[in-house]
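If you read the protein sequences in the order shown, they are chains A and B. As numbered in this note's numbering, residues 1 to 339 make up the first sequence, in order. As numbered in this note's numbering, residues 1 to 339 make up the second sequence, in order.
Just so you know, not all the hints are guaranteed correct.
[Unchecked claim] The calculated lysine-lysine pairs, modelled on DSSO-like cross-linking and capped at a C-alpha distance of 27 Å, are:
1. A/Lys14 / B/Lys56
2. B/Lys56 / A/Lys243
3. A/Lys243 / B/Lys14
4. A/Lys272 / A/Lys243
5. A/Lys304 / B/Lys56
6. A/Lys243 / B/Lys304
7. A/Lys243 / A/Lys304
8. A/Lys56 / B/Lys56
9. A/Lys56 / A/Lys28
10. B/Lys304 / A/Lys272
11. A/Lys272 / B/Lys272
12. A/Lys304 / B/Lys328
[Stated by the list, open to error] With the C-beta cut set under 8 Å, the calculated list includes, among others, these residues of chain B facing chain A:
13. Thr10
14. Pro154
15. Thr199
16. Leu206
17. Asp241
18. Pro245
19. Ser248
20. Gly266
21. Gly291
No wet-lab data here; the hints were simulated from the structure. Cβ coordinates follow ideal geometry from the N, Cα and C atoms, glycine included.
Protein chains: 2
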Amino acid sequence: MIIDCHGHYTTAPKELQSYRETQIAGLKDPSYVPTKGTLRITDDQIRESLENAQLKFQRERGTDLTIFSPRASAMAHHIGDATTSLHWSQHCNDLIHRVCRLYPQNFVGVCQLPQSPGVPPGNCIEELERCVNELGFIGCNLNPDPSGGHWTAPPLTDRYWYPLYEKIVEFDVPAMVHVSSSCNANFHATGAHYINADTTAFMQFLTADLFKDFPALRFIIPHGGGAVPYHWGRYRGLAQDMKRPPLSDLIRNNIFFDTCVYHLPGIELLLKIVPIDNILFGSEMVGAVRGIDPETGHYFDDTKRYIDAVDRLSAEDRRKLFEGNARKVYPGLNNKFRE
Amino acid sequence: MIIDCHGHYTTAPKELQSYRETQIAGLKDPSYVPTKGTLRITDDQIRESLENAQLKFQRERGTDLTIFSPRASAMAHHIGDATTSLHWSQHCNDLIHRVCRLYPQNFVGVCQLPQSPGVPPGNCIEELERCVNELGFIGCNLNPDPSGGHWTAPPLTDRYWYPLYEKIVEFDVPAMVHVSSSCNANFHATGAHYINADTTAFMQFLTADLFKDFPALRFIIPHGGGAVPYHWGRYRGLAQDMKRPPLSDLIRNNIFFDTCVYHLPGIELLLKIVPIDNILFGSEMVGAVRGIDPETGHYFDDTKRYIDAVDRLSAEDRRKLFEGNARKVYPGLNNKFRE
């Protein structure tokens with residue numbers, strides 16, 4: 001079984017975006033009373049949105065199951081307030097739930113959290129609980145920067161986040177560290193903000209004792225861990241200078257990287273440097289990069305091809321990378337899918 | 001000749017730091033009138049600060065010349081105002097000038113600019129001119145985020161920066177994109193803020209037509225280009241999706257990466273992916289990572305060793321990497337050092 005840990009519903013029917021636009025327009029109207037409102041999307045529309053995209057690519061690329069969450073760039077936690085984010089998150093999560101019910105063998109849900117700048121993360125517990133206990137979701141996406149590129153929240157290692165972590169551990173779900181769109185003109189979303197957030201989160205984890213307080217807390221750092229594997233020597237050296245644990249100990253049970261790196265040399269580096277137990281197959285498909293690489297004739301984000309081309313992996317390594325590690329990090333998979 | 005394009009005076013005599021502390025203390029005193037003040041450091045102190053550090057490492061590692069600038073993390077443009085930064089930059093630059101006069105075969109100067117949040121970059125022209133025309137400096141360090149981790153300035157591609165670029169081009173000096181310390185708790189300076197800034201700057205350059213306006217403007221993106229070479233496929237794909245030029249065209253005459261990547265697999269990736277004409281040897285020595293790698297028994301930042309270990313480089317490639325590219329990017333070298 002080949003499990004892709006990183007997919008977003010980037011192809012949702014346009015009604016979702018229309019809902020959001022109406023919601024945002026309402027924020028500018030002083031007389032507007034926020035309501036959750038309704039979202040009318042038919043099952044056929046959902047099927048159509050997936051058949052020629054994620055499902056087609058699953059078939060073509062030979063992957064089985066995508067761990068699926070709302071479009072990351074559209075979370076935009078910086079827009080409106082906690083109520084805005086709650087209504088938006090609920091609709092987005094409900095839509096993921098419908099996808100998972102229509103295609104229970106192809107998709108399993110991960111939720112968007114109703115974060116909002118300045119609002120304590122504990123405010124997200126209720127929606128997390130709903131998604132895990134009622135919708136059967138197996139993880140969440142956690143935005144380390146709900147301000148959208150202004151980085152106004154405390155670091156992920158701050159006690160500010162602990163109430164949410166307590167529930168995440170209680171529910172035994174992992175969190176993917178994933179920012180959303182950027183409202184800071186310095187940061188292109190998928191080209192800078194995403195990658196920076198990955199690098200930033202790793203360095204936060206390196207410098208604090210978060211996992212002493214939460215030994216069972218698990219984070220996936222997506223996009224191949226940002227800059228981290230490329231600069232692994234730098235991080236090993238910084239850890240040593242700061243008398244922190246060796247990186248392999250630091251990450252062992254708590255930090256995992258996906259394989260969303262869109263060329264073979266990058267994947268080769270990742271697989272050579274990072275312990276295989278800490279890498280989960282992911283493609284971010286359909287996501288940040290949609291084109292075909294003229295150098296290979298294949299989609300940039302067909303990351304399975306790169307991994308297949310790496311000779312040095314044993315059969316056991318591949319099993320871990322494509323399935324075993326995901327089952328370990330997302331225990332919810334084991335209740336739904338047999339090995 | 002082996003030219004290290006990236007060295008900071010991280011070992012300056014303690015009087016420099018004392019000056020800065022006094023300056024910062026003054027900022028808290030409402031009755032304090034900012035004055036440049038004096039810095040008393042003897043030539044012997046300067047010699048002592050270098051002999052067992054940069055000079056020793058140059059000899060041990062077999063490098064000849066370091067392109068040398070004030071300590072990047074100490075620039076701290078976010079402290080005080082433009083006058084604070086001007087006084088501090090002048091002292092730091094003067095000290096680099098003294099280093100270069102004491103060891104004219106070992107060091108050549110690059111200046112710190114007196115940037116300050118919210119102050120137009122054109123305000124730095126006078127100090128740049130002094131450093132180039134009076135002190136014989138051959139480049140400058142340009143901080144894309146003078147706010148120290150809050151990223152309040154416009155992107156480097158904004159016309160906001162153009163008056164400074166006009167002078168940089170007129171003086172025919174390159175700029176190394178280099179942030180300073182971070183006053184945002186999210187960003188560890190050398191582990192996150194530095195690398196993020198490199199990635200961010202590259203993506204800014206990718207999405208704008210800055211080099212159409214300034215065909216002769218040259219930037220060095222340090223720390224091996226941040227996350228960029230590792231995610232080269234992502235950037236190629238993003239450029240293609242956005243109908244931007246191929247990366248090799250985008251960077252050709254304008255964007256250069258140094259080799260401050262502290263392990264062999266990272267250097268291998270860099271040298272495999274980025275055109276050799278766009279890579280400059282650099283070590284950031286003595287800098288971010290000061291220890292010895294227990295896996296190799298050598299200093300993490302002895303980047304020459306990694307490059308020496310890469311078989312695939314031709315003699316001509318090595319000449320470009322260690323000398324030729326630096327002479328191209330920093331034409332000021334040619335007036336001072338014969339090939």
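Item to check | Index of numbered hints that the structure contradicts, given in increasing order | outcome: Hints 1, 5, 7, 8, 9, 12, 13, 18 and 19 contradicted; others consistent.
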